Amino acid sequence: MPSGFMQFADKYLMWKEGPMIWGSDVAILLVSIGIVFALTYFHKWKWLWREWITTVDHKKIGIMYLICALLMLFRGGADAELLRTQLAIPNNHFLSAEHYDQIFTTHGTIMILFMAMPFIFALFNIVVPLQIGARDVAFPYLNAISFWLFFFAAMLFNLSFVFGGSPDASWVSYPPLSELGFDPGPGENYYLLALQITGIGSIATGINFLATIFKMRAPGMKLMHMPLFTWSTVAACVVIIFAFPALAIAIALLTLDRIFGTHFFTILHGGNPMMFVNLFWVWGHPEVYIVVLPAFGVYSEVVATFARKRIFGYSSMVASLMLISVISYFVWAHHFFTMGAGADVNTFFAVASMLVGIPTGVKVFNWLFTMYRGRIRMTLPMLWTIAFVPCFAIGGATGIMLAAAPADYQYHNSYFLIAHFHQVLIGGVVFGMLAGMYYWWPKMFGFKLDERLGRWAFWFFNIGFYVCFMPQYALGFMGMQRRMYTYPADMGWNTLNLISTIGAYIMAIGFVFIVIQVLYSVKYGERDLTGDPWDGRTLEWSLPSPAPHYNFAVIPTVTSRDVWWELKEQGRTDELKPKAEDIKPIHMPKNSARPFLMGLAFFVAGFGFVFDLLWLGFLGLAGVVACLIARALEYNDDYHIPVHEVVETEATLGRLG
Amino acid sequence: MAVHSGVTREPGHKKHKATQYIVGYLRSLILTAVAFGPALTHTMRVGPLIVVLTILAGLQIVVQLYFFMHITEGDGPPFHALFLVLGLIFTFAIALMSVWIMGFPAFMAQVS
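Same order as they appear, the protein sequences are chains L and F.
Per numbering that gives the first Met the number 0, the first sequence starts with residue 0, numbered consecutively.
Per numbering that gives the first Met the number 0, the second sequence starts with residue 0, numbered consecutively.
What the hints contain is simulated information worked out from the structure, not anything from laboratory work.
Misleading hints may appear alongside valid ones.
[Unchecked claim] Below, computed lysine to aspartate or glutamate pairings styled on EDC-like, alpha-carbon distance capped at 20 Å:
1. Lys16/F to Glu633/L
2. Lys58/L to Asp531/L
3. Lys308/L to Glu565/L
4. Lys221/L to Asp74/F
5. Lys214/L to Glu72/F
6. Lys10/L to Asp24/L
7. Lys583/L to Glu633/L
8. Lys10/L to Asp182/L
9. Lys589/L to Asp531/L
10. Lys447/L to Glu525/L
11. Lys214/L to Asp74/F
12. Lys16/F to Asp74/F
This structure is a prediction, so every number in the text was calculated from the model and none was measured.
Whole structure, please, built from the sequences with the hints as guidance.
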């Protein structure tokens, strides 16, 4: 082979790094060929373009978010299994130190930004407009842009594994370690650019859903009539809007340092790396509330539905959601108690951190009181919700231990911390997102996920979880620090680490069961013909599953909380069926290819800056500007669905009143 | 592009002239340039410099709110203003507390 190609292969394709890269190359190649072949063979290209890539329908965007989130859960999970395999036995050399660094970096970044975030956005998109009686979000075009920015950012980030090298300065990427002098190569740039691009999309989503909820509720739906998932979306959006800019600034400054030679965070030239730590956590701590608040919303819906009771303490639920979103801004320094800001600063942030536990505690008690003397049905969403309670209680208790600043000097960056945040992020967020996925799956696709396989998944995942993470609390007390790639045999850590790794494998089996469950249910899952498979309480269950693309043929008038339940109790459900004479032409946004092209332009720009190809970077940005201008000059972006078409659709669904 | 029950444009949403955006953009650029001046040339002491920069940042917020976010033309219920207040609280809390944290008060007390 020509030597030019071999140099390219060594430098960018990393073919000397061993079988993991080769395997990934082959897998990516095979999957790509498979997708292209399948789309061509079944003549699906046009369908893909018309129905999905150019769509501005919130339900389809939600489904695309969900698919991406599950794929990223797989990637992040595979990273986790590699890490745990490396740590299973002492003095292991399954991974080199460098590879270990790269893998824990991508594991953390993917799980937070490319798994948890799209998962909550999936539920926002699928649920919120249906719950508040709206036909779409406030800005459907912007919604599509948000999705494609996320999608291409995720592509850019994942590309690093097989092209140029992964980031390796951990998901927090503190300078000076992440500065050019200590971390040359494109890996860290991939991290910075991918986060920047997906962050823009996240801010837009926050604004979009806040506007949707405040401006587009069905007539009669007062704020205190809104379902709690919608309230949790409000709380999460408030945090997104105010927190994400801090991340954007922090990584923009670090990008300038690395690509344009500025010195915001390099000590030698008057910069201050600790400022990055500060800015990162101004976003970083609220971020964990961004992902957990929607999970709280899911639990509230699930508990009320499957205990067949009104949620206990609705107004205290709302108040605690809003309180959490405010207090979450005043706790960030607890991530760096050991940086040395002093006793006054640490005391303030320690007390604030403990305060945030109070509204959370209120919520947990409200869920328990809702279940109390309810007729509980043990469905999959309810199982995950019940499993969440003890898991989050333990995570919360260890969180209070960490919040005590003097004690934190002992636990800081030990496996105690690792066990704590996995317990709240898996037990809180992942359990919640899975509960939400099971709960709204029939609304998205028109069939339920198989209960029996789901129970296997549930038990494997839960037992695996405790086997994996409980030993890590002890390991932390025994002095094991995070991010160490191997350890000597005489530390007394061997057994616990081996147990922890076995737990990680059991969790992986749980995930495999979820995959099997989805595949099995596509064919054999129980079909949902009523639109209300769980005997639900809120407006989305008044629609057929899946909902028609305009959602509501006639926008309902809301008179109470849990309006669908009230109507069922009073035998008045027919009132929500549209009458032919009430149907008017429905105003809808047109599909557009531009959000996709804009994402692509951002991808090109990101790729250019990653490899210091400034011309390519600015070319990509020019593409972004071109999309913006084209949009500004577009006037014909909406259409009306004629009455007869709506009437026909409703008639085939058997819903005409 | 609000997709609402038949209502395409609500009464409060007047069309805004492009000149207003351009004037706002120029003003924010000028404010940025004025802030850069003393920060780059080191002509001021750190204490007064922080005060000046904070005031300029405050003016920047006013420009953004007035020219781009049309704060004087809101037609929503009064509680929407709460979010604005919340935003201001967050902004100042984050800025001032960052100064507090990054000033390393305990360390400075030992040094002096």
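Going down the list of hints, with the structure as the test:
Of the pairs offered as hints, the one joining Lys16/F and Glu633/L holds, with about 17 Å between alpha carbons and a cut-off of 20 Å not exceeded. For the suggested pair Lys58/L and Asp531/L, the alpha carbons sit about 17 Å apart, so the restraint of at most 20 Å is met. This hinted pair checks out: Lys308/L and Glu565/L have alpha carbons roughly 12 Å apart, not beyond 20 Å. With a CA separation close to 17 Å, the supplied pair Lys221/L and Asp74/F stays within the 20 Å bound.
Proximity of Lys214/L to Glu72/F is assessed by CA-CA distance (about 16 Å); at most 20 Å being required, the pair is judged to hold. Note on Lys10/L and Asp24/L: the hinted pairing holds, with a Cα-Cα distance of about 15 Å set against a maximum of 20 Å. Restraint check: the Cα-Cα separation between Lys583/L and Glu633/L comes to about 26 Å, which exceeds 20 Å; the hinted pair is violated. Distance check on the hinted pair: Lys10/L and Asp182/L sit about 16 Å apart at the alpha-carbon level, within 20 Å; holds.
For a cut-off of 20 Å, the pair hint linking Lys589/L to Asp531/L is broken: about 29 Å separates their Cα positions. Straight-line distance between C-alpha atoms of Lys447/L and Glu525/L comes to about 5 Å, which keeps the hinted pair within the 20 Å bound. For the suggested pair Lys214/L and Asp74/F, the alpha carbons sit about 11 Å apart, so the restraint of at most 20 Å is met. Among the hinted pairs, Lys16/F with Asp74/F is consistent with the structure: their alpha-carbon atoms are about 19 Å apart, no more than 20 Å.
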